[in-house]
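J.: Sequence:
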Amino acid sequence: MPELPDVESFRNYAQATSLHQRIADLSVSDAYVLTHVTEKDLQRALPGTCFESTLRHGKNLFLHTDSGVWLRLHFGMTGFPKYFKNLDDCPKYERVLFNFENGYHLAYVCQRKLGEIGLEDSPEEFARKRGLGPDALKIEREEFLELLRRKRGMLKTSLMDQGFLAGIGNIYADEILFQCRLHPATRADSLDDEMRAEMFEVTKRVLQTAVDCNADLLRLPESFLLPHRSEGQECPRCGTELVREKVGQRSAYYCPSCQSE
DNA sequence: CTAGATGTTAAGGT
DNA sequence: CACCTTAACATCTA
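Numbering (my numbering), first residue to last: 1 to 261.
Calculated from the structure, these hints are not laboratory results. Incorrect hints may appear among the rest.
[As the list claims (entries may be wrong)] In silico DSS-like cross-links for lysine-lysine, where the CA-CA straight-line distance does not exceed 27 Å: (1) Lys82 x Lys113; (2) Lys151 x Lys129; (3) Lys40 x Lys82; (4) Lys113 x Lys129; (5) Lys138 x Lys151; (6) Lys40 x Lys92; (7) Lys129 x Lys204; (8) Lys82 x Lys92.
Sequences and hints are given; from them, build the entire structure.
T.: Right, here's the structure in full:
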């Protein structure tokens, strides 16, 4: 689930539900998801504060507290936030629970525990330390072209490289390449600037469309690859059966007829 | 039982 | 240095 559009929908969700309420206390039911912090650190930093604003960089969601510290949530492959009132409604695989003074709760849910929770001085500092590239929705054309000129590996791998561009994962990489009509294994250094510019436009359009659909793949236009991205389905453009193939260790779906090398 | 699933990193090799 | 592959992490489902 959680690539850039999903995390953006989580940001909107947290923004709408979880700001301006004092955190009474919190509980950590599985410390495995904590990175570079202990439960004690969270207990010291958060109770008594309020989340005041939200920010997203790539696949990371940041909540800024009124004490100045930033809570960082990363969702791995299976994570999401859930806000609710009655503890009976607490979702399965809840790993950390924030309890607000108004009686509501915000759960960090993560079945596979590949997500991360941390405390950061700032999103910018975190992005620098972690070596993240610019956010894929905020980057501007010239910088995109400049960074893409330096890539030499396969396009799919390049798009998913968080150090190049932060936010694109396995399935949106497939969508972008489908709309560019490029085979996922095409080498990045075989593109000319015209193709790079095309890839910039497509990347922006795909991500913005997905954000507008609240990252619900079934609400994407029929002409997109993603609603059809499964075994035995057909290309929405030409009807050819889609191919699944390992590219850079991940499953790539593409149309063998539309997407040339 | 096995393979694969929207993520990331470490380690080793070319 | 840039890139590639593999393995690993935890857990569930087809």
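J.: Quick check: which numbered hints come out false for this structure?
T.: As far as the earlier hints go, not one is violated by this structure.
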